[in-house]
Amino acid sequence: DQQVKQNSPSLSVQEGRISILNCDYTNSMFDYFLWYKKYPAEGPTFLISISSIKDKNEDGRFTVFLNKSAKHLSLHIVPSQPGDSAVYFCAARVGGTASKLTFGTGTRLQVTL
Amino acid sequence: DAGITQSPRYKITETGRQVTLMCHQTWSHSYMFWYRQDLGHGLRLIYYSAAADITDKGEVPDGYVVSRSKTENFPLTLESATRSQTSVYFCASSDQGIGIVGGYTFGSGTRLTVV
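Top to bottom, those sequences are chains W and R. End of the first sequence = 144 in this note's numbering, gap-free, step of one. End of the second sequence = 102 in this note's numbering, gap-free, step of one.
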């Protein structure tokens, strides 16, 4: 049972445009959500997170939006750059538990020139 | 060097062999994790540890064994490797329990092929 779903395996965006990566979840007990970025042959690196008590968190070009009623979060990258080309994973944690994260399947973002 | 290191980076082994993947972190983080990455499945948790001598199963623990006698090391052993265990394995560590903010720090991964 996939509790965290990324339904788009890949996304292609032109440089300078907005990239929107989506993530849906089913577990109402998730209280923290994170996005990780992964380049080939490297481990994932933390990008941005959001607590369930918020609906938006911004860090430079990256913004995460959380819609709890829809059990949906999205990552916006504006403007997109070629260096953003990577696989992006969303992850979530059940509230009150040790920092054990459940990851989605990932979305491969390709930023074209 | 400070950080989290995994070894080996690449490993080919035969079905039925025992193989151990190593993970070492220099931060004295309390939490350590083993994930495997497979196409269509993303990252799935195999085992995790909250502290030395405390380990627990994740989502896909069958066929794997872990130990944590020292805070900095968290080896993962495949007792009798099967082809379905061909995967990329990532170790991660975190110093945050309930108050998570930055999440995990991952190693660079071990690509394991079972033939």
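The set of hints was computed from the structure by calculation and includes no laboratory data. Incorrect hints may have been included.
[As the list claims (entries may be wrong)] Simulated DEER-style distance windows between Cβ atoms:
id, chain 1, residue 1, chain 2, residue 2, range
1, R, T(-8), W, N88, 26 to 32 Å
2, W, L144, R, D49, 42 to 48 Å
3, W, G91, R, T0, 30 to 36 Å
4, R, H28, W, E73, 14 to 20 Å
5, R, D49, W, E46, 43 to 49 Å
6, R, P(-5), W, Q112, 31 to 37 Å
[As the list claims (entries may be wrong)] Quick partial rundown of chain W residues pointing at chain R, CB under 8 Å, derived from the structure:
id, residue
7, Y70
8, F93
9, F96
10, G114
11, T136
The beta-carbon is built from N, C-alpha and C at its ideal position, and this holds for glycine as well.
Hint by hint, here is what the structure shows:
| no. | hint | in the structure |
| --- | --- | --- |
| 1 | R:T(-8) / W:N88: 26 to 32 Å | holds (31 Å) |
| 2 | W:L144 / R:D49: 42 to 48 Å | holds (45 Å) |
| 3 | W:G91 / R:T0: 30 to 36 Å | violated (43 Å) |
| 4 | R:H28 / W:E73: 14 to 20 Å | holds (19 Å) |
| 5 | R:D49 / W:E46: 43 to 49 Å | holds (44 Å) |
| 6 | R:P(-5) / W:Q112: 31 to 37 Å | holds (33 Å) |
| 7 | Y70 | violated (10 Å) |
| 8 | F93 | violated (14 Å) |
| 9 | F96 | violated (18 Å) |
| 10 | G114 | violated (19 Å) |
| 11 | T136 | holds (4 Å) |
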